[in-house]
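For the sequence shown, the numbering used here assigns the number 28 to the initial residue and increments by one for each residue that follows.
What the hints contain is simulated information worked out from the structure, not anything from laboratory work. In this text the structure is predicted, and so the values were computed from the model without any measurement. Misleading hints may appear alongside valid ones.
With a straight-line Cα cutoff of 25 angstroms, these simulated DSS-like cross-link-like pairs (lysine-lysine) come out [as the list claims (entries may be wrong)]:
{"hint": "1", "residue 1": "208", "residue 2": "176"}
{"hint": "2", "residue 1": "40", "residue 2": "176"}
{"hint": "3", "residue 1": "40", "residue 2": "90"}
{"hint": "4", "residue 1": "223", "residue 2": "208"}
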Amino acid sequence: MPHSFPFRAIVLKTYDVGEADRYCILFTRERGRLSARASGARRLQSRLGAMLLPFQQVTVQLKESSAGFIVAGVLPSGETLERFARLRAFADAEQGTELLLSLLHEEEPLPEIFDATSTFLHSCGTAPHQVLAFTLRLLSLLGLLPGQKELRNFLDPSPIESRFMEAALRGISLSFLENPKRLDRLCAFLLEDQLKSPLRAGKVVLS
Numbered sequence: 028m029p030h031s032f033p034f035r036a037i038v039l040k041t042y043d044v045g046e047a048d049r050y051c052i053l054f055t056r057e058r059g060r061l062s063a064r065a066s067g068a069r070r071l072q073s074r075l076g077a078m079l080l081p082f083q084q085v086t087v088q089l090k091e092s093s094a095g096f097i098v099a100g101v102l103p104s105g106e107t108l109e110r111f112a113r114l115r116a117f118a119d120a121e122q123g124t125e126l127l128l129s130l131l132h133e134e135e136p137l138p139e140i141f142d143a144t145s146t147f148l149h150s151c152g153t154a155p156h157q158v159l160a161f162t163l164r165l166l167s168l169l170g171l172l173p174g175q176k177e178l179r180n181f182l183d184p185s186p187i188e189s190r191f192m193e194a195a196l197r198g199i200s201l202s203f204l205e206n207p208k209r210l211d212r213l214c215a216f217l218l219e220d221q222l223k224s225p226l227r228a229g230k231v232v233l234s
């Protein structure tokens with residue numbers, strides 16, 4: 028029987044498989060994106076099911092087998108799901124995790140991005156433009172955001188846009204950005220070559 032090892036993880040997406048199992052796509056701090064199967068997670072008496080849901084932050088025990096990773100245990104280690112019952116917080120988290128699913132590769136440790144994602148999930152729904160700020164920070168950490176000189180030539184950001192971007196790169200979302208369209212277009216342009224298909228979650232319309 029293989030030993031299990033603990034991982035700090037964020038649940039990005041889950042799929043129900045078989046009669047009672049749950050297949051989880053995890054973003055771990057130690058090994059990056061991983062896929063793992065949680066046997067029996069959907070049974071009524073299972074303690075795994077309530078914790079292995081999208082946006083949940085957990086400490087997960089994983090065993091590696093010839094068929095892939097298997098969830099051997101899980102403990103909550105961060106944000107609860109109550110926050111994401113609110114539409115704005117859910118929409119922010121959905122957009123952020125979809126972006127990660129599109130950009131992250133299997134088993135590529137990215138601890139800075141993990142920490143940035145954890146901070147983002149804690150802040151979802153608390154202020155406008157959270158997703159835009161997270162996208163800018165993610166592009167920077169992935170080395171996809173142009174330097175200041177190239178950025179001035181490409182966008183010539185206003186003082187307000189420059190302040191917003193500087194704060195975003197520190198993990199802060201400022202609420203004074205009245206018109207985010209130019210920065211939205213910048214992110215869309217920089218992501219165009221990185222994404223295999225257009226993002227869908229951003230099309231959610233909030234009342």
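Right, here's what the structure says about each hint:
1. Our distance criterion of 25 angstroms between C-alpha atoms is met by residue 208 and residue 176, whose separation comes to about 21 angstroms.
2. Among the hinted pairs, residue 40 with residue 176 is inconsistent with the structure: their alpha-carbon atoms are about 38 angstroms apart, more than 25 angstroms.
3. Only pairs whose Cα atoms come within 25 angstroms are accepted, and residue 40 paired with residue 90 is accepted, the gap being roughly 19 angstroms.
4. For the hint linking residue 223 to residue 208, the alpha-carbon distance of about 23 angstroms falls within 25 angstroms, and the restraint holds.
The structure is inconsistent with hint 2 alone, although it conforms to all the rest.
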